[in-house]
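Novice: Sequence:
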Amino acid sequence: MNDDQSIEKVIKKSIYILYKLDICPELNFQYTKKKHHSRGDLTLVLFSLSKKIKKSLQDIGYDIGSYVQNKLKGLVIFSIVGGFLNFIFEDNYYIFLIRKMLITNFFHDESKKKYYQKIIIEFSSPNANKPLHLGHMRNSLIGNSLSKILNLFGHKIIKIQIINDRGIHICKSMIAWLKFGNGKTPDSEKEKGDHFVGRYYNLFDKIYHKEIIEKKTKHNDKIQIITPILNQAKILLKKWEEGDYKTRNVWKTMNRWVYNGFNETYKKLGIFFDKVEYESDVYQIGKKIVIEGLKKGIFFQKKDGSIYIDLVNEGFDEKILLRSDETSVYITQDIGTAVERFKKYNMDKLIYIVGREQDYHFKVLFIILKRLGYPWVNKLSHLSYEMVYLPSGIMRSRGGKVVNADDIISKMFSIAIENFPNKYSKEEKKKSSEIIGLGALKYFLLKIDPKKKIVFSPEKSIDFKGNTGTYIQYTYSRIRSLEKKFFELFLLVNYSWSNVKFDIYEKNMIKILYQYPLVLKKSANHLNPSLIANYIYETAKTFNHLYQKKKLIDPINIVSSNISMNIIHVTGNILKSGMNLLGIEMLDRM
RNA sequence: GAUCACGUAGCUCAAAAGGAUAGAGCAACUGCCUUCUAAGCAGUAGGUUACAGGUUCGAAUCCUGUCGUGAUCACCA
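Here our numbering is used: the first residue of the first sequence is 3, the next is one more, and so on.
These are computed hints drawn from the structure, not numbers from a lab.
A few of these clues could be false.
Quick list of in silico lysine-lysine cross-link-like pairs, DSBU-like style, CA-CA up to 30 Å [what the hints assert, rightly or not]:
(1) K241 <-> K212
(2) K346 <-> K37
(3) K351 <-> K304
(4) K321 <-> K298
Taking the hints into account, I'd like the entire structure generated from these sequences.
Specialist: Next comes the structure, spelled out in structure tokens:
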């Protein structure tokens, strides 16, 4: 047995040999779905080929089909329907596939070869004034999963979060705490630090809105109305910028509370960063670059001293880069951090995982960096994902319309524990429920294409039946249970593969397992974990189908049980591997 | 107003990146536990892929327009 028996490779080779093409064109393969076995198991679509090779569909189909059938004698046969060249796998080909999967641990092949890139993925990046919410969870889970997927392909991944720890919004929670906190701390209130600080941020908002109403000013989103408490926050910001000792101490203390809270949440989610950046450390860097850009004539200055870039040629307006008081705006900071990161890490790629609401921001950022002449601009990319909405509309931190991460996590735990069978110890029940609850949550957020919206209804919560993480975990523990039973009954025996026959359920199983590497590749290319999620679900479903139809471990048929064991084993490994790439743990029993 | 996304079964999502008869789950109804874990399996029902044109052998997918939903267009971050 060798790899040359792989039908895709033989087909590629056939085209080279038959038609003497220098470059084999991109082949249009179609892996047939269960419902359509009349179409064979693998189809080569011939239409585009017939344009390159100036022959009829029928002739090309016959040429390639005959060549492949001859090379893989006893393994595949072919038939032609219109422009579709269908190959039907024979039992021996299924044997080839399953043995290949057993021997080569085939889905890790990619990691051994080819190039290694250093890739920075920036994700989560919260504000240090309130707890993480469902939107951060979606973001972090995508980031975490992509890190694992790209790492599987041999890339070196650096996971970074940059914490927005300075600015007026931080001063808002500070001033509220200074005025109304009475020296209370998360410890004294027995509250998680991020929630504690978040309450003061909300308190600021409440007071601010009350003051606006008292002023009876007409509300306008575009113009910020100065009220007494906002004025106090601004004074605090000024003091912070001047490095006022007392202010800085309060700031450090409150931020520490928030970070402790964040870390607890990240730990529960199984998310860790290689590097944490703080905006307060880097926000000044961009300023110098902008001023240099002004000198070089890339930017221009208005009478009041503010610095702009003209983006009219790119279809945008003018964009401010430095305020008239010479302070940085958001995008100035991002210019600085990008330059700094390339200096420090010299990476091959920098992927920003940031919501779609910032598409414009990143387009502009990349244009600015290009104008500044940095050669690495094409290494930057913005992975844009849609937001998480509540049925009542977008999740905004303002007005408390959020689902915070900790609440939803603990809700998931409690639902899982209620449904867990009582036959297990209290300890196992607790631990398993956490894995099941988190699995359901993570799967729910990752199975949806990042570019699509998620509407999250807190009442309906998250399902544990059907296309869910739980279903897959359950299937996996069934598999482990079967394996356990197998080894209680038999030993692995040596047997001849030569006369093995598979039924349709086993064939479907083997075929879907064999597609795993393709799915991984696609998922990595498109930076899309949902492809893996949906594939794993299909795989679990196919297995449950087989499980229902066939007695997999049969005490009176050792050889048959041994062969089933091979399929079971590969299935279990793939389910686990795929789910781990989504950051989801599996259980040996449920 | 301009720009960018999205619109698929009652609901939540798929559809191998242009391929053959658009698939799952939930909810509803009908069956299957003395038999490897019923958080499972099988079946019934549910569709003019928002609408109208176009491109080609072939469109849910690409192009144009219309409608709907959302986001963005700050000396906010």
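Novice: Within 30 Å, alpha carbon to alpha carbon, are K351 and K304?
Specialist: 35 Å, violated
Novice: For K321 and K298, compute the direct alpha-carbon distance and say whether it is at most 30 Å.
Specialist: 17 Å, holds
Novice: Hint check: K346 vs K37, CA-CA at most 30 Å. Holds or violated?
Specialist: 53 Å, violated
Novice: Between the alpha carbons of K241 and K212, is the straight-line distance 30 Å or under?
Specialist: 25 Å, holds
In the structure shown, a violation is registered for the earlier hints numbered 2, 3, in ascending order.
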